[in-house]
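Engineer: Use the sequences and the hints to build the structure in full.
So the sequences go chain by chain: A and B.
Here the first sequence is numbered in this note's numbering, starting from 490 and rising by one per residue.
Here the second sequence is numbered in this note's numbering, starting from 63 and rising by one per residue.
Accuracy of the hints is not assured; some may be wrong.
[Stated by the list, open to error] Here are the computed distance ranges between Cβ atoms for each label pair:
no.: 1; chain 1: B; residue 1: R539; chain 2: A; residue 2: T842; range: 48 to 54 angstroms
no.: 2; chain 1: B; residue 1: G414; chain 2: A; residue 2: S763; range: 56 to 62 angstroms
no.: 3; chain 1: B; residue 1: W552; chain 2: A; residue 2: P608; range: 41 to 47 angstroms
no.: 4; chain 1: B; residue 1: L547; chain 2: A; residue 2: C495; range: 30 to 36 angstroms
no.: 5; chain 1: B; residue 1: E303; chain 2: A; residue 2: I497; range: 27 to 33 angstroms
no.: 6; chain 1: B; residue 1: V421; chain 2: A; residue 2: D602; range: 55 to 61 angstroms
no.: 7; chain 1: B; residue 1: P416; chain 2: A; residue 2: E561; range: 39 to 45 angstroms
no.: 8; chain 1: B; residue 1: A453; chain 2: A; residue 2: H533; range: 55 to 61 angstroms
no.: 9; chain 1: A; residue 1: S763; chain 2: B; residue 2: L507; range: 53 to 59 angstroms
no.: 10; chain 1: B; residue 1: L482; chain 2: A; residue 2: C495; range: 35 to 41 angstroms
no.: 11; chain 1: A; residue 1: T842; chain 2: B; residue 2: Y362; range: 42 to 48 angstroms
no.: 12; chain 1: B; residue 1: E435; chain 2: A; residue 2: T499; range: 30 to 36 angstroms
[Said to hold, decoys possible] Which bits of chain B does chain A cover? Going by a derived footprint, with three or more residues having C-beta under 8 angstroms, they are:
no.: 13; segment: 395-408
no.: 14; segment: 472-480
Don't read these hints as lab results, they were simulated from the structure.
Small disclaimer: the values here were computed from a predicted structure and weren't measured.
We put the CB at the ideal spot given by N, CA and C, even for glycine.
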Amino acid sequence: MKRMLCFIFTMLNVLSLSGCYDYHEINNTAMVAGIGIDHGKEFHYKVSVEVIRLSGGESSTPTAKVISEEGENVEDCLKRLVNVATKELQFSHCKLILFSDSVTEEGVSNLVDAFMRDPQYRSDLFLAAVQGSGAREMLSIGEKEERIASYDYVSVIENSYRETGSVPPTKLYQFSMDGDQTMLPLFTESDGKYSVDGTVSLVKGKKFGLLDLEKTQSVMLVSGEYRRGELLLTTEDGVEIPCQIRSVKASRSVEDGESLSVFVKLECYIRLTSMPKDFDLSTMHGVDAAEEKISALLSEKLESDWQWAKERELCDVFGLSVYVYRHAPYLYDLRNAGDRAKIIELKSECKVTLENFGFSDERISK
Amino acid sequence: MKSKKQNDLVSAEPHPFPEFSVADTGALTEDAPLASALDVNMRMLKRVFQDDGTFICREFFSGPVRCFAVYFDGLVNNTVVYESVIRPMIEYIESPCTPQRIAREIIINIETKIVNTAKECFDAMLAGDSVVFADGYGQAVVASTKGFPVRTPEEPAAEKALLGPREGFTESVLMNVAMVHRKLKTVDFCAETMTFGTRSGTKAFLCYLKSVVRPELLSEVKRRLSNIDMDGILDSNYISEQISDCRNSIFRTVGMTERPDVVAAGLLEGRVALIVDGTPVALEMPYIFMETFQTAEDYYQNFWFASIGRLLRILCFILTVSVPGIFVSLVSYHQELLPTDLALSIASAREGVPFPIAVECFLMITVFEILREASQRLPGNIAQALSIVGAIVIGDAAVSARFIGSTTLIVVAFAGITGLISPRLENSVIVLRLYLLIAGSLLGLYGILFALLSVFFHLMSITSFGVPYLAYWFVPRGQDQKDVLIRAPWWTMRTRPSFFAKDRIRKGE
Numbered sequence: 490m491k492r493m494l495c496f497i498f499t500m501l502n503v504l505s506l507s508g509c510y511d512y513h514e515i516n517n518t519a520m521v522a523g524i525g526i527d528h529g530k531e532f533h534y535k536v537s538v539e540v541i542r543l544s545g546g547e548s549s550t551p552t553a554k555v556i557s558e559e560g561e562n563v564e565d566c567l568k569r570l571v572n573v574a575t576k577e578l579q580f581s582h583c584k585l586i587l588f589s590d591s592v593t594e595e596g597v598s599n600l601v602d603a604f605m606r607d608p609q610y611r612s613d614l615f616l617a618a619v620q621g622s623g624a625r626e627m628l629s630i631g632e633k634e635e636r637i638a639s640y641d642y643v644s645v646i647e648n649s650y651r652e653t654g655s656v657p658p659t660k661l662y663q664f665s666m667d668g669d670q671t672m673l674p675l676f677t678e679s680d681g682k683y684s685v686d687g688t689v690s691l692v693k694g695k696k697f698g699l700l701d702l703e704k705t706q707s708v709m710l711v712s713g714e715y716r717r718g719e720l721l722l723t724t725e726d727g728v729e730i731p732c733q734i735r736s737v738k739a740s741r742s743v744e745d746g747e748s749l750s751v752f753v754k755l756e757c758y759i760r761l762t763s764m765p766k767d768f769d770l771s772t773m774h775g776v777d778a779a780e781e782k783i784s785a786l787l788s789e790k791l792e793s794d795w796q797w798a799k800e801r802e803l804c805d806v807f808g809l810s811v812y813v814y815r816h817a818p819y820l821y822d823l824r825n826a827g828d829r830a831k832i833i834e835l836k837s838e839c840k841v842t843l844e845n846f847g848f849s850d851e852r853i854s855k
Numbered sequence: 063m064k065s066k067k068q069n070d071l072v073s074a075e076p077h078p079f080p081e082f083s084v085a086d087t088g089a090l091t092e093d094a095p096l097a098s099a100l101d102v103n104m105r106m107l108k109r110v111f112q113d114d115g116t117f118i119c120r121e122f123f124s125g126p127v128r129c130f131a132v133y134f135d136g137l138v139n140n141t142v143v144y145e146s147v148i149r150p151m152i153e154y155i156e157s158p159c160t161p162q163r164i165a166r167e168i169i170i171n172i173e174t175k176i177v178n179t180a181k182e183c184f185d186a187m188l189a190g191d192s193v194v195f196a197d198g199y200g201q202a203v204v205a206s207t208k209g210f211p212v213r214t215p216e217e218p219a220a221e222k223a224l225l226g227p228r229e230g231f232t233e234s235v236l237m238n239v240a241m242v243h244r245k246l247k248t249v250d251f252c253a254e255t256m257t258f259g260t261r262s263g264t265k266a267f268l269c270y271l272k273s274v275v276r277p278e279l280l281s282e283v284k285r286r287l288s289n290i291d292m293d294g295i296l297d298s299n300y301i302s303e304q305i306s307d308c309r310n311s312i313f314r315t316v317g318m319t320e321r322p323d324v325v326a327a328g329l330l331e332g333r334v335a336l337i338v339d340g341t342p343v344a345l346e347m348p349y350i351f352m353e354t355f356q357t358a359e360d361y362y363q364n365f366w367f368a369s370i371g372r373l374l375r376i377l378c379f380i381l382t383v384s385v386p387g388i389f390v391s392l393v394s395y396h397q398e399l400l401p402t403d404l405a406l407s408i409a410s411a412r413e414g415v416p417f418p419i420a421v422e423c424f425l426m427i428t429v430f431e432i433l434r435e436a437s438q439r440l441p442g443n444i445a446q447a448l449s450i451v452g453a454i455v456i457g458d459a460a461v462s463a464r465f466i467g468s469t470t471l472i473v474v475a476f477a478g479i480t481g482l483i484s485p486r487l488e489n490s491v492i493v494l495r496l497y498l499l500i501a502g503s504l505l506g507l508y509g510i511l512f513a514l515l516s517v518f519f520h521l522m523s524i525t526s527f528g529v530p531y532l533a534y535w536f537v538p539r540g541q542d543q544k545d546v547l548i549r550a551p552w553w554t555m556r557t558r559p560s561f562f563a564k565d566r567i568r569k570g571e
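Structural biologist: Written out as structure tokens, the structure reads:
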């Protein structure tokens with residue numbers, strides 16, 4: 490009897506604490522691949538969702554359609570979308586949120602925060618911005634070309650980050666972690682096609698400025714997020730040295746000397762993609778000289794990019810003030826300047842190791 | 063010298079046999095002595111077996127003495143009866159023909175025994191012996207003339223092995239005991255005779271190695287066997303269910319095997335085996351959960367392959383039990399856990415299917431079990447036709463007709479195939495699979511976890527003759543782990559399993 494009572498109470502607990510309330514058949518839901526947020530005409534926001542269409546059958550490929558609704562806030566738009574959608578919207582496979590130019594200028598912090606707090610969204614979905622057209626137009630490309638555009642844009646971001654290292658793969662959870670300063674990949678439209686041409690720098694969730702891919706590369710090298718990619722260095726004489734960074738190891742530290750500075754140390758393994766005239770890689774000394782030269786050029790590039798950003802009041806895109814605040818808060822407080830980022834200096838030391846060279850060493854010959 | 067009682071019986075008329083009673087249960091309750099008058103004995107036997115068409119009573123003279131032999135046709139070897147019993151009796155012309163002389167001098171090439179009571183005669187006849195009566199003596203001679211048809215040993219269908227011995231038990235208990243004894247040529251080998259069933263009188267042998275088996279295990283087995291009270295025991299499972307520790311469990315706590323090598327290996331580890339007459343299935347006690355994943359072949363091939371095979375069986379057991387339930391819970395409750403491409407593929411395959419995924423899965427599992435059950439009982443050629451019908455009709459046509467989704471079919475087929483890899487757990491798997499499917503359908507992954515925990519707790523709670531059912535899973539001793547998840551090389555297994563054997567030293571005895 491005692492066992493039976495225990496069993497009944499356990500089952501009652503189990504069934505009352507959980508149940509079939511969140512049961513939904515997978516084929517009765519409309520999976521959302523991406524969300525686009527624009528400013529609306531009648532209401533403040535216009536939210537567009539790219540819904541995957543399943544035609545059924547074994548060999549059919551899924552296509553997509555975009556539906557939009559306007560509302561005072563994003564939640565309001567999503568509620569209105571339910572009335573338009575033929576099936577229950579399922580956001581767990583949504584991989585991209587696109588912000589239009591005007592939305593990023595207004596600020597996206599609150600929007601991102603709302604998505605972050607809603608458990609039905611993946612925390613690793615990508616954030617991006619679009620310039621030149623609206624987010625809806627960008628998503629609608631997939632509807633015309635019978636493909637899922639959002640997933641393709643995500644692939645573009647991932648590939649660019651993996652191969653060139655010049656596009657930050659900013660995800661929903663990173664936006665919250667990065668604090669005041671974030672960069673979003675920026676898609677621009679050209680001949681009806683969208684590609685990543687740079688990044689949008691957000692400070693406190695608002696658009697602060699735009700960076701091209703070269704400057705983004707410098708920012709990512711300094712922040713330690715760079716993995717590998719093509720790098721173009723230019724000497725004082727105007728000679729270009731195209732090379733490929735195979736791997737990077739970055740370390741940063743705060744130095745409190747005459748000025749408050751962040752010391753960045755980079756250890757790079759580089760492969761030259763074409764041989765400059767004044768490089769002699771046939772001897773050990775020549776290789777050493779080349780490595781020194783490239784190291785100096787890389788340091789110079791980082792510091793000059795920093796100066797460029799600093800002059801344009803974009804210095805926060807490097808995130809150095811955040812770094813100082815986190816790792817040396819006592820120094821940060823001591824230098825109680827109005828704009829702390831302006832007093833921070835960047836010092837860099839690069840150690841480059843060339844991977845592709847050939848020389849005849851006497852010892853080896855012997 | 064005749065006893066006083068026997069003299070009274072001879073002189074008393076009418077003889078007490080008319081009052082001889084056969085109890086309602088069919089068993090003889092009165093141990094009545096035999097009469098010295100031949101006709102009285104014959105009348106008694108003919109009355110008792112008047113409705114049995116196989117009962118044969120053969121009258122003859124041995125010299126001047128009237129005699130008769132009784133036996134059951136089909137239970138005896140007719141040639142032996144005529145050549146070794148009746149013919150020597152007829153050819154014997156010297157007088158007097160006493161039971162002692164019959165047993166010692168006339169019937170000389172087969173085993174004989176002198177009996178005094180009717181019950182002893184009946185037991186002997188029912189066991190396939192012939193009983194010879196001579197006029198004027200209150201005793202009879204039992205001659206061993208057993209000769210019923212016996213199947214030759216074949217490879218057991220349920221426990222096939224590519225390597226190792228191919229012989230399996232038959233329905234003859236003596237032959238079965240001999241097969242085990244042939245593998246264990248030691249004076250330690252004991253085979254105690256037991257009889258079960260008040261009507262069936264089923265003979266069984268309790269086998270063990272007396273220097274290895276733990277005495278408390280042996281006494282516990284004997285105690286449980288002695289408590290069996292049933293009129294007919296036709297198979298070892300009749301006994302197995304009555305001596306199990308946890309009778310309501312879906313897991314076996316008494317092992318069953320058709321292979322003499324498995325029984326011999328069990329006895330060497332300190333187990334007790336019960337070989338029952340009339341069935342090729344022997345019982346092994348104790349029996350733990352890990353043994354369900356062990357096969358005889360594990361010990362006949364390289365330890366690497368044996369270990370991989372065993373790990374594969376464990377993995378398949380987990381998969382076959384949990385895959386349908388997890389699939390339903392993921393597709394119904396936790397779609398975010400599915401990779402996007404897989405989610406799209408499943409959703410696409412389920413477009414237009416009328417049933418919810420849980421019902422669909424349940425139906426497909428039921429169909430699979432029906433097909434399996436049908437193909438098991440059918441002859442080979444019809445079973446082949448059935449499998450074709452199952453594959454084409456259920457597999458292809460049902461998907462094409464949008465009756466079921468192709469992904470569900472794949473999942474159920476996968477669960478079905480992985481379930482066949484451990485035949486010993488086949489029946490438990492069916493119940494567990496449905497249990498997890500229902501739990502997953504109602505409560506999602508939470509339900510799966512809940513169901514798995516409850517199964518685990520149940521496994522933890524049961525024992526087999528005092529040995530924990532999950533023995534060796536959580537025992538840190540290295541020696542005990544060498545034949546659990548993997549099968550270690552023989553040279554490293556120096557001791558027997560600690561839970562079973564009294565004498566644990568396997569090597570260096």
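Engineer: Would you mind marking each hint as holding or not holding in the structure?
Structural biologist: So, going through the hints one by one against the coordinates:
no., hint, verdict
1, B:R539 to A:T842: 48 to 54 angstroms, "holds, 53 angstroms"
2, B:G414 to A:S763: 56 to 62 angstroms, "holds, 58 angstroms"
3, B:W552 to A:P608: 41 to 47 angstroms, "violated, 55 angstroms"
4, B:L547 to A:C495: 30 to 36 angstroms, "holds, 33 angstroms"
5, B:E303 to A:I497: 27 to 33 angstroms, "holds, 29 angstroms"
6, B:V421 to A:D602: 55 to 61 angstroms, "violated, 41 angstroms"
7, B:P416 to A:E561: 39 to 45 angstroms, "holds, 41 angstroms"
8, B:A453 to A:H533: 55 to 61 angstroms, "holds, 59 angstroms"
9, A:S763 to B:L507: 53 to 59 angstroms, "holds, 55 angstroms"
10, B:L482 to A:C495: 35 to 41 angstroms, "holds, 37 angstroms"
11, A:T842 to B:Y362: 42 to 48 angstroms, "violated, 57 angstroms"
12, B:E435 to A:T499: 30 to 36 angstroms, "holds, 34 angstroms"
13, 395-408, "holds (count 7)"
14, 472-480, "violated (count 0)"
Hint check: violations occur at hints 3, 6, 11 and 14; the rest are consistent with the structure.
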